[in-house]
Amino acid sequence: MESDDFDPYLVLLNPNGYEIAQNDDGLGSLDAEITYRPMETGRYTIRATSYSSGQYGRYTLTVNAWESDS
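First residue of the sequence shown? That's -1 in my numbering, and the numbers climb one at a time after it.
In case anyone wonders, no lab produced these hints; they're calculated from the structure. A portion of the hints provided could be inaccurate.
[As the list claims (entries may be wrong)] Between beta-carbon pairs, the in silico distance windows are:
| hint | residue 1 | residue 2 | range |
| --- | --- | --- | --- |
| 1 | 38 | 2 | 34 to 42 Å |
| 2 | 53 | 32 | 31 to 39 Å |
| 3 | 2 | 39 | 15 to 23 Å |
| 4 | 17 | 64 | 15 to 23 Å |
| 5 | 58 | 19 | 27 to 35 Å |
Glycine residues also receive a C-beta, built at the ideal position from the N, C-alpha and C atoms.
Sequences are here, hints too, so could you generate the full structure?
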């Protein structure tokens, strides 16, 4: 997640709604990044927000799907 307007923060929830990953600053910048290989099928949720409350603005969220090994 990239933004020039605020400090991005990402949270990944599994199909049961439990937090399984989070990131504030990735790749040596204030942008947020999560790399995760799902261990179960289902609908995962990405929460895209800011690190500090009250921050808002435009952002870009990129999601890439990986091919299954099976």
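Is the distance from the Cβ of residue 53 to the Cβ of residue 32 consistent with 31 to 39 Å?
violated, 19 Å
Given the hint of 15 to 23 Å, check if residue 17 and residue 64 actually sit that far apart at their C-beta atoms.
holds, 21 Å
Could one say that the CB atoms of residue 2 and residue 39 fall in the range 15 to 23 Å?
Given range 15 to 23 Å: violated, Cβ gap about 36 Å.
Taking the Cβ atom of residue 38 and the Cβ atom of residue 2, is their distance within the range 34 to 42 Å?
Taking Cβ atoms as reference, residue 38 and residue 2 lie about 36 Å apart, which means the hint holds.
Taking 27 to 35 Å as the hint, is the beta-carbon distance of residue 58 and residue 19 inside that range?
With Cβ atoms ~19 Å apart, the hint is violated.
Going down the numbered hints, you'll see the structure goes against 2, 3 and 5, while the others check out.
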